[in-house]
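Novice: Okay, here's what each chain looks like letter by letter:
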Amino acid sequence: MTDSGWPGRSAGRIDAAVKARGEHRYPSDHRPAGALWVRPVRASLVHATISRVDTDAARAVPGVVGVFTAADLPGRNGFGLITPDQPVLCDRVVRCAGDLVAVVAAETDRAARLASRLVEVDARPLPLLTDPELALRADAPKIWPGGNLCAELLLGHGDVATGFAEADVVLEYAYRTGWQEHAFLETEAGVSYLDEDGRLTVCAGGQNPFTDRRQICAALDLPATDVRVLHPMMGGAFGGKEDISVQIVLALVTRLTGRPARYTLDRAESVAFGVKRHPFRVRYRVGATADGELTALDAELLADTGAYLTLGPGVLGLAAEHTGGPYRYRHARIAATAVYTNNGNASAFRGFGNPQVTTGIEQVLDQLAGRLDLDPLVLRRRNALRPGGRAAAGFTVRHGVELAGVLDSAAAGQLLVEAAGWKAAARPWKRRGVGTAAAWQGYGLGAGVESGAEVSAERTAAGRYLVTVSCPDLGEGNLTAFAQLAAAELGCPVGQVDVSAGDSDGPDSDATNASRTVFAVGNAVAGACARLAAEPGPARLVHTYRPEMPDAHTVGMPHIGYTPAVLVLGVEVDVLTGEVDVLRLEHHVDPGRAVNPAGVRGQSEGAILQGLGFALLEDHQLVGGRVRNDRFANYLIPGITELPERLETVLVCTPDPANPLGVRGVGEIGITPVAAAVGNAVCDAVGHRFDRFPITPDAVLAALDGAGGAE
Amino acid sequence: MTESLVSGDLAGDLAGEVPGVSAGPGAEVVRLLVNGTVRELAVDPRASLLEVLRESLGLIGTKNGCGEGECGTCTVLLDGRARCACLIPVGAIGSVGTVGTVGEVTTVEGLRGDPVGECLFAAFDRAGAVQCGFCTPGFVVAARSVLAADPDARADAASVADRLAGNLCRCTGYAPILAAVQLAGRRMRADATLVRPGSVGVPAGSVEVASDSVGVPATVAGGSVGGPARPVAGGSRFLAPGTVAQACAELARLGPRALPIAGGTHVMVDGGPAASDAVLVWLGGVAELGAIEQRPRQLRIGAAVSWARLRDDAAVARLLPALAQAAARVGGPQVQEAGTLGGNLVNASPGADGAPALAIHGAELELRSATGTRRVPVAEFALAPGRTVLAPGEILTAVLVPVPARPPAGRLEFFVKVGPRGGRAVIDKVTVACAAVRDGDRLTDVRIALGAAGPTVLLATEAARLLMAGPLDADRIAAAGAAAAAAIADPVDDVRPTAAYRRRLVAGILVRELSDRLGVDFRPTIRQA
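Taken in order, these protein sequences are the chains called A and G. The first sequence begins at 1 in the working numbering and counts up one residue at a time. The second sequence begins at 1 in the working numbering and counts up one residue at a time.
Some hints here could point you the wrong way.
If you want a taste of the chain G side facing chain A, the calculated C-beta under 8 angstroms gives, among others [stated by the list, open to error]:
(1) L10
(2) C71
(3) R112
(4) D125
(5) C132
(6) P420
(7) G508
(8) R512
(9) R523
Computed cross-link-like contacts, EDC-like style, restricted to lysine to aspartate or glutamate with a CA-CA straight-line distance of at most 20 angstroms [claimed, not checked]:
(10) A:K430 with G:D516
(11) A:K430 with G:D521
(12) A:K430 with G:E513
(13) A:K423 with A:E572
Quick caveat, the hints were computed from the structure, so don't treat them as lab data. Note that the Cβ used here is the ideal one computed from N, Cα and C, for glycine as well.
Please put together the full structure from these sequences, using the hints given.
Specialist: Spelled out as structure tokens, the structure:
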């Protein structure tokens, strides 16, 4: 492992060896002695009233130790990150296919599975609501007594009618994006047990041990001190492990039986019942003057949040915040709505609403550039938000958005420079196109939500250093970044620093999400270690970094800063098969000061491939509230053969003025502009623009063939 | 290094077997060779190798990502070749009872201390190829077999990627993984002290037999995982007959409880039959079923021959190029090693690649039971998705393909599959297989078969007739494409594509392939928006 401190050298990851060698125990690898196997029981209907759950036959299966229902919950039968509206175990109503009505705990996996099939559930169907556009009609089936409105926002500034009147060109674009499945390679998994002091401990894949603990304690009616939550390094999350999955039912089983318990979701279970990206239906109307000044933005967003609130209002809010892109409009209006349906359960997924809205505006701008005969990058530069400028949603962007650097980098990049020649070299049944898209992504949680991070730093008697944070490693490499920051402040080799993460017994660094950890927790680590460096001998101290957040315009906005990027990509469309291959790609991104450039590239490229899936391949299909394709065989994520021949990440590093380290979060920005760039490139190649994502080969062929355009 | 609670065991984590996990009513004594050590276990021989590795042996480096052979996180080496452990019943690779040799299993744990393994670990670290790391052991093990197959380690990016197409990653975007494998290859070339790659695992049971008339050695090899006949243990849930006669006798005896299995890529999905009463009748130990035999004017392919062998076999490449091309795209390498031609045909998925590749040669299938033998043309074998003409107690034993003594000059043959992941996905695809002979400006002996275009394989006879009816030009080829499309009457119910899409696709593929290979100019136009 190369030794490297700050700034910006790419130290080897401190966790790479244990993972590669198969030595690290992931949440699904723990096997406490005597652990009971936990299996879920679900109703066979998507939306139904439950009148009876009969567990007699299940309990009679040899090896079954317990079959538990809502009646067995000591505390609150509800959980949720914002509102505890989701039952741990349903006893009155099920609202989506994934709802649990019981759990089985048995000595063997086989016995648990057999018993789970023997639980009898008397359920009467309720009418299904699967079309979000019908959700707010008076005659729509009610998912909740109060109706189907989850959240709504009306944001903007000025008067859009005036703005459109001032425009020389007005463009409209309406489109839909689909659910996306996180497809982390390790499913939701964990174990629970009583430790040597008899304290209930849950060790699972999750993104914040404190929010997990809070919800476990409420359900089990236990004080926080009686429960410990551990999040080991896990096999991916991407936002899909923020919400409770296995944690409460595991804790319940251990609490009621005194035995350890283990539960790993099957892949089909995870794809069918785990949370998903919100599908959005968006309508943009944009006006501009003949020389390319944006005069008006009118946007309508409709998000389908599924059966439960989860993080729906947050996703809607962040989407609305970013609607219109990092640009100035003379007038703007954003009407955003999230509704309940029986379509599964949607929650956080990398990008958090922004990919869904960026897909649209960046295509509109592309179209506008064509109409006005302006270079697409020049059009964006002309309208970029400057420090103190007003976003379309109406809030002030204190430090502006550093678009100029990434725009310049993209304009000078090989892909654009070689575009004409590259396109001309396509074989007769292929058409090549090049597309660009810009994006901004707020890092950290937004105003009113981001409270910074608490960490501890210790110098041991042996002269080693221990940095303790609570935000877990999901795979993104934050622990290595913390070790580098610590080593730089302490003046020691990175190898002398140990990092402990994911323990609710330690300081509260808040979650690993929202592109926040290098920013919020990194600044806390640097601050703690700077203080520790001044202390002699063995010492331990706790340090909190509280960022100077802007005043809240509304909950969650604005963010303290925004990471800018421009994506340029080249596609090749096979006009005989409709297949779209992304052959070349450049990601120009400004991560602020890069603690670990290799880590930034890793996040960038991984997010981009996920974005390619979102744009072209991943088609999560629900019919009647049930997932049709719940396997990796029929929900296709990008494989190694989807890797573009040329994939380059260009870092344009301008220190961010909003935090002492000058860093920006980079976990999400990579995924956000991909679908728009693909849409623009495909349009460049074949002259058609599509209004459904993913863009599938059959939609492409239908458009090329003249069968009435996109289906 | 990192604190124990981040990366290590919990106090109370078992190091070895989880008691009772695979024992129970189906448990038998199974002897396995894992990482160089013989392990004797009481497990259900139908249990997957993945479950036994993790729960009985405590080897948690091999991961469970999907249970269906799609993600590759459970990749192990079996006799040096990458396989998905989730799809292997342990009875197939271990000795059950007291008799039989075993296949050698290498897990990621077994690569620790192996010089090439250590080289790979270091390269993955160095190249930034580890993020969440859950896929990494599977990739490292798969890469080990890549480097073993390429002794000079000169693998280029495209062929390395092809060999890793059976492994998924969600974090890294793959580029650093490719870089890591190539880095390891370069280091191996540069370091003469590194043990030569072939030393990890030796393919078992290969026997070379002298040829007959054509001067090409006929290869008779023992099944996909090898092993001589074992006595059929009464009462066992896993039977390994040594001959076809024995297999048929078992099927007759057991009736509906019998579950014939070859490669396991279908039967073993989601843990297989281990929770049920079914008796696995494993065909991998029947030497005759694993043989590729060249006879005068016929190639006889045993039903249990794997796609990997079809892909690599010189006689198949020379005489049945469509079949060899099909073999190279049936899923990733792990699935190619396991899946068999017979299993593909018997499973009778609308997208079964074996059917169109064989239908263009008028192949026949040999079916045997305790009461006799019969032959069925391949195009008549599947009746509907998942249903064939196999009667109870019958086994598909061989594919018989009529072939000329040597391929004619002017032979044209191809197998093209269009779909996601370069056609390797099981869904949303269409296949076109074509065989013909070019004679000047005309085509003769044209046969066209379509896969995944209807419930069973479709013969595009009208398209073939049109191609033979006159001199070759763009119009004739276009008409043939349209005729092939028109042959698609009954859409396959798949995740997405409609009949209209499949028709367009088939027409387009046929026009492209024929024009390109015959040197007929074509420039498709598209409707402008």
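Novice: Confirm or reject each hint.
Specialist: Hint check results:
| no. | hint | result |
| --- | --- | --- |
| 1 | L10 | 6 angstroms, holds |
| 2 | C71 | 6 angstroms, holds |
| 3 | R112 | 6 angstroms, holds |
| 4 | D125 | 4 angstroms, holds |
| 5 | C132 | 3 angstroms, holds |
| 6 | P420 | 5 angstroms, holds |
| 7 | G508 | 3 angstroms, holds |
| 8 | R512 | 5 angstroms, holds |
| 9 | R523 | 5 angstroms, holds |
| 10 | A:K430 with G:D516 | 13 angstroms, holds |
| 11 | A:K430 with G:D521 | 14 angstroms, holds |
| 12 | A:K430 with G:E513 | 14 angstroms, holds |
| 13 | A:K423 with A:E572 | 9 angstroms, holds |
Comparing the model with each numbered hint stated earlier shows that all of them hold.
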